[in-house]
Amino acid sequence: MTDSNSVLNTVKDAFTPVTDALKNLQNMEVPEAAREFVKKTAGTAKERAADFHAGSEKVTAAIETAVAGSVTEAAKISRNIQDALYQDAEAFFAGIDKLASAKSINEAVQIQSDLLRSRGEVLMSRAKASTEYLGKLVADGAKTAQDNFSKVYTKTA
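If you count the sequence shown from 1, position 110 lands on 319 in the numbering used here, and the numbers rise without skipping.
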């Protein structure tokens, strides 16, 4: 028994530096300069995304004004996609900002986990809304086609 305890203690002693290093790694602080650099870069990219979004809004508005009918639905879809992309970009940059504020790796992992869960919920919500919207479009299109067919059939009968 004493020999096995002695061997176990020797193994524990040999791995003590590794165990201590892992404990220190979890609590390692992210330098303030690195956090500030990430925040500044994310802020600049966020401003550019906002400018791009404003420009795309003007283009979509011009398309909607110039064209009517089913193309208006395409413009609505385009606008919704643009809004979703912009919201995703904003959420991404907000997430980077939060990650840049993390003072330890544990905190960064928790923030990343929360962000991923939130993005998953948003994607599920969008998928459900898109499915409902496409179903409505198909139903409306079928109704219009049926109405047009019945008008043509009534005129020829």
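Treat the hints with care, as some may be off.
Straight-line Cα separation of at most 20 Å, SDA-like style, residue types lysine to any residue; simulated pairs [as the list claims (entries may be wrong)]:
| id | residue 1 | residue 2 |
| --- | --- | --- |
| 1 | Lys307 | Ser287 |
| 2 | Lys248 | Ala311 |
| 3 | Lys337 | Asp297 |
| 4 | Lys267 | Ile286 |
| 5 | Lys352 | Ala336 |
| 6 | Lys307 | Gln319 |
| 7 | Lys285 | Phe261 |
| 8 | Lys337 | Ala263 |
| 9 | Lys285 | Ala263 |
| 10 | Lys248 | Lys307 |
| 11 | Lys285 | Lys248 |
| 12 | Lys267 | Lys249 |
| 13 | Lys248 | Arg288 |
| 14 | Lys267 | Lys248 |
| 15 | Lys248 | Ile286 |
| 16 | Lys249 | Arg326 |
| 17 | Lys267 | Ser287 |
| 18 | Lys285 | Thr340 |
| 19 | Lys285 | Leu325 |
Restraint ranges, calculated between C-beta atoms of paired labels, are given here [unchecked claim]:
| id | residue 1 | residue 2 | range |
| --- | --- | --- | --- |
| 20 | Thr219 | Thr253 | 50 to 60 Å |
| 21 | Gly252 | Leu343 | 30 to 40 Å |
| 22 | Lys352 | Gln319 | 23 to 33 Å |
Note that these hints are calculated values from the structure, not bench results. Computed from a predicted model, the values in this text were never measured in an experiment. Backbone N, C-alpha and C fix where the C-beta goes; we use that ideal spot for every residue, glycine too.
Structure-based check of all given hints:
1. The hinted pair formed by Lys307 and Ser287 fails the criterion: a straight-line CA distance of about 30 Å is larger than 20 Å.
2. Distance restraint check for Lys248 and Ala311: the Cα-Cα separation of roughly 12 Å lies within the 20 Å cut-off, and the hinted pair is therefore satisfied.
3. Our distance criterion of 20 Å between C-alpha atoms is met by Lys337 and Asp297, whose separation comes to about 17 Å.
4. Restraint check for Lys267 and Ile286: satisfied, since their Cα atoms lie roughly 15 Å apart, inside the 20 Å limit.
5. Distance restraint check for Lys352 and Ala336: the Cα-Cα separation of roughly 24 Å exceeds the 20 Å cut-off, and the hinted pair is therefore not satisfied.
6. With a C-alpha separation of about 11 Å, the suggested pair Lys307 and Gln319 falls inside the 20 Å cut-off, and the hint holds.
7. With a CA separation close to 18 Å, the supplied pair Lys285 and Phe261 stays within the 20 Å bound.
8. For the suggested pair Lys337 and Ala263, the alpha carbons sit about 27 Å apart, so the restraint of at most 20 Å is broken.
9. Only pairs whose Cα atoms come within 20 Å are accepted, and Lys285 paired with Ala263 is accepted, the gap being roughly 16 Å.
10. Of the pairs offered as hints, the one joining Lys248 and Lys307 holds, with about 9 Å between alpha carbons and a cut-off of 20 Å not exceeded.
11. Note on Lys285 and Lys248: the hinted pairing is violated, with a Cα-Cα distance of about 33 Å set against a maximum of 20 Å.
12. Pair hint Lys267 plus Lys249 does not hold up; C-alpha atoms about 28 Å apart against a cutoff of 20 Å.
13. As the CA atoms of Lys248 and Arg288 are separated by approximately 29 Å, the hinted pair breaks the 20 Å bound.
14. Straight-line distance between C-alpha atoms of Lys267 and Lys248 comes to about 29 Å, which puts the hinted pair past the 20 Å bound.
15. About 32 Å separates the Cα atoms of Lys248 and Ile286, which puts this hinted pair outside 20 Å; it is violated.
16. At most 20 Å may separate the alpha-carbon atoms for a hinted pair to count; Lys249 and Arg326 exceed this at roughly 25 Å.
17. This hinted pair checks out: Lys267 and Ser287 have alpha carbons roughly 12 Å apart, not beyond 20 Å.
18. Among the hinted pairs, Lys285 with Thr340 is consistent with the structure: their alpha-carbon atoms are about 15 Å apart, no more than 20 Å.
19. With a C-alpha separation of about 28 Å, the suggested pairing of Lys285 with Leu325 is violated against the 20 Å cut-off.
20. For the hinted restraint 50 to 60 Å between Thr219 and Thr253, the CB-CB distance of approximately 55 Å keeps it satisfied.
21. In this structure the supplied range 30 to 40 Å holds for Gly252 paired with Leu343, their Cβ-Cβ distance being about 36 Å.
22. At about 50 Å, the CB distance of Lys352 to Gln319 disagrees with the hint of 23 to 33 Å.
Hint violations for this structure: numbers 1, 5, 8, 11, 12, 13, 14, 15, 16, 19, 22, all remaining hints satisfied.
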